[in-house]
Amino acid sequence: MEIATVQGEKRQLAGHHGNERLRRRGFVPAVIYGHGQPVEYASVSLHDLRLALDHRAHVVKVLTDGQEEQYLLKGVQYDHLQQTPLHVDLMRVDLTEQVHVKVAIEYRGTPKGCAAGGVLVTILSDLEIECELLNIPESIRIRVDHLELNQTLHVRDVQFPPGIVTKHAADDIVAVVQPPRVHAEAVAGAVVEGAAAVEPEIIGKGPKETEESAGGE
Amino acid sequence: MLMPKRVKHRKCQKGRIRGNASRGNTVAFGDFGLQALEMGRVTARQIEAGRVATSHFLQREGRVYLRIFPHIPISTKPLETRMGKGKGEPEYWAAMVKPGTIIYEIGGVGEDIAKKALLRVAHKLPVKTRFVARRHSV
Numbered sequence: 091m092e093i094a095t096v097q098g099e100k101r102q103l104a105g106h107h108g109n110e111r112l113r114r115r116g117f118v119p120a121v122i123y124g125h126g127q128p129v130e131y132a133s134v135s136l137h138d139l140r141l142a143l144d145h146r147a148h149v150v151k152v153l154t155d156g157q158e159e160q161y162l163l164k165g166v167q168y169d170h171l172q173q174t175p176l177h178v179d180l181m182r183v184d185l186t187e188q189v190h191v192k193v194a195i196e197y198r199g200t201p202k203g204c205a206a207g208g209v210l211v212t213i214l215s216d217l218e219i220e221c222e223l224l225n226i227p228e229s230i231r232i233r234v235d236h237l238e239l240n241q242t243l244h245v246r247d248v249q250f251p252p253g254i255v256t257k258h259a260a261d262d263i264v265a266v267v268q269p270p271r272v273h274a275e276a277v278a279g280a281v282v283e284g285a286a287a288v289e290p291e292i293i294g295k296g297p298k299e300t301e302e303s304a305g306g307e
Numbered sequence: 015m016l017m018p019k020r021v022k023h024r025k026c027q028k029g030r031i032r033g034n035a036s037r038g039n040t041v042a043f044g045d046f047g048l049q050a051l052e053m054g055r056v057t058a059r060q061i062e063a064g065r066v067a068t069s070h071f072l073q074r075e076g077r078v079y080l081r082i083f084p085h086i087p088i089s090t091k092p093l094e095t096r097m098g099k100g101k102g103e104p105e106y107w108a109a110m111v112k113p114g115t116i117i118y119e120i121g122g123v124g125e126d127i128a129k130k131a132l133l134r135v136a137h138k139l140p141v142k143t144r145f146v147a148r149r150h151s152v
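For the protein sequence lines, the chains are H and U, in the order given. Final position of the first sequence in the working numbering is 307; the numbers increase by one with none missing. Final position of the second sequence in the working numbering is 152; the numbers increase by one with none missing.
Treat each hint with caution, since some may be false.
Okay, the calculated bits of chain U under chain H, using three or more residues with CB under 8 angstroms as the criterion [unchecked claim]:
# : stretch
1 : 21-33
2 : 37-46
3 : 72-82
4 : 114-127
5 : 145-151
Computed beta-carbon distance windows for the label pairs [to be verified]:
#  : chain 1 : residue 1 : chain 2 : residue 2 : range
6  : U       : 102       : H       : 192       : 45 to 53 angstroms
7  : H       : 91        : U       : 89        : 56 to 64 angstroms
8  : H       : 141       : U       : 38        : 24 to 32 angstroms
9  : H       : 192       : U       : 89        : 44 to 52 angstroms
10 : H       : 199       : U       : 101       : 52 to 60 angstroms
11 : H       : 97        : U       : 73        : 34 to 42 angstroms
12 : H       : 174       : U       : 25        : 33 to 41 angstroms
13 : U       : 94        : H       : 291       : 27 to 35 angstroms
14 : H       : 114       : U       : 34        : 38 to 46 angstroms
15 : U       : 144       : H       : 199       : 26 to 34 angstroms
16 : U       : 30        : H       : 104       : 30 to 38 angstroms
Once the Cα atoms are required to be at most 27 angstroms apart in a straight line, the calculated BS3-like pairs of lysine-lysine come out as [what the hints assert, rightly or not]:
#  : chain 1 : residue 1 : chain 2 : residue 2
17 : H       : 202       : U       : 129
18 : U       : 112       : U       : 138
19 : H       : 202       : U       : 130
20 : H       : 295       : U       : 99
21 : H       : 295       : U       : 101
22 : U       : 91        : H       : 295
23 : H       : 295       : U       : 19
24 : H       : 295       : U       : 28
It should be emphasised that the hints constitute simulated quantities derived from the structure, not laboratory data. Think of the CB as a built atom: it goes at the ideal place given N, C-alpha and C, for glycine as much as any other residue.
Turn these sequences into a full structure, and let the hints guide you.
Next up, the structure:
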């Protein structure tokens, strides 16, 4: 597991305006909690945080005033375009502590069912796991090349590395190879063609009354 | 084309699109998506044109997910009609899109194919868009 190093500093300015000022300087407001100790407010470098997130780091080393401490990235808040981190939650952890994290799934291979015209539909893109802090895998690789058409891969079929326990139910579906969807013009709730001519039913009035009122206006 | 099956009122007021998308702004079903960068109305015809463009391009490969639905009835007045005499008749249906909204998603294909398919869709839409990939949560 990669531990990314992030420049940080203690946060003096709290509140919306203070945080905006921090963001303009290229920092991201952060909150540090855990282990029954009081909550601390800090800020971390946006550039370093982005690098860490791009490398799917779960643990970051924050350098504050020459001191170095390790934290678990517990949550990241993004802007409306899901592009820029706005706030980050850091949790105090010990290196031997069991932690609960989400890890990306990497699907490997092309399912046999795809040759028969099927499509691999991935239901889960991340797996919730519990493991020791230093054992957090970068991703969990799942081979799907054995899947036939209409065959489903469940969580119980996934081979986890030793020391890693999933928090999902064994029956949860990870991926399925489905036959291609014949695009009936109707996706849920849709009516086909002649949209201008056909009017939807009005709730509270029967279909007859709806026609009358449409004609009357 | 898409339109609701049942509505509470035949016509509605125009309204204003304010702010940014705070929901429906993450890739949730597929692997890649097309995200709106500005606000606007996307009509049912445009949504359908985009869907047809992707399904033609993908040739039954992969899966396309529509993340918006045209709920809003847009009414127009007939040509050469004087002002007044009440609101016009509903003409078409549209979806309100805010910056950040994911409009289409694609799953089951590689990034380069998804990018090409969604670029074709982007040309059919009245708003600026960008290609986004699913972000794995922390």
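Do the hints match the structure? See the list:
{"no.": "1", "hint": "21-33", "result": "holds (count 4)"}
{"no.": "2", "hint": "37-46", "result": "holds (count 3)"}
{"no.": "3", "hint": "72-82", "result": "holds (count 5)"}
{"no.": "4", "hint": "114-127", "result": "holds (count 3)"}
{"no.": "5", "hint": "145-151", "result": "holds (count 5)"}
{"no.": "6", "hint": "U/102 <-> H/192: 45 to 53 angstroms", "result": "holds (50 angstroms)"}
{"no.": "7", "hint": "H/91 <-> U/89: 56 to 64 angstroms", "result": "holds (58 angstroms)"}
{"no.": "8", "hint": "H/141 <-> U/38: 24 to 32 angstroms", "result": "holds (28 angstroms)"}
{"no.": "9", "hint": "H/192 <-> U/89: 44 to 52 angstroms", "result": "holds (46 angstroms)"}
{"no.": "10", "hint": "H/199 <-> U/101: 52 to 60 angstroms", "result": "holds (58 angstroms)"}
{"no.": "11", "hint": "H/97 <-> U/73: 34 to 42 angstroms", "result": "violated (49 angstroms)"}
{"no.": "12", "hint": "H/174 <-> U/25: 33 to 41 angstroms", "result": "holds (40 angstroms)"}
{"no.": "13", "hint": "U/94 <-> H/291: 27 to 35 angstroms", "result": "holds (32 angstroms)"}
{"no.": "14", "hint": "H/114 <-> U/34: 38 to 46 angstroms", "result": "violated (19 angstroms)"}
{"no.": "15", "hint": "U/144 <-> H/199: 26 to 34 angstroms", "result": "holds (30 angstroms)"}
{"no.": "16", "hint": "U/30 <-> H/104: 30 to 38 angstroms", "result": "holds (33 angstroms)"}
{"no.": "17", "hint": "H/202 <-> U/129", "result": "holds (25 angstroms)"}
{"no.": "18", "hint": "U/112 <-> U/138", "result": "holds (17 angstroms)"}
{"no.": "19", "hint": "H/202 <-> U/130", "result": "holds (25 angstroms)"}
{"no.": "20", "hint": "H/295 <-> U/99", "result": "holds (25 angstroms)"}
{"no.": "21", "hint": "H/295 <-> U/101", "result": "holds (21 angstroms)"}
{"no.": "22", "hint": "U/91 <-> H/295", "result": "holds (25 angstroms)"}
{"no.": "23", "hint": "H/295 <-> U/19", "result": "holds (13 angstroms)"}
{"no.": "24", "hint": "H/295 <-> U/28", "result": "holds (24 angstroms)"}
Consistency with the previously given hints fails for numbers 11 and 14, ordered from lowest to highest.
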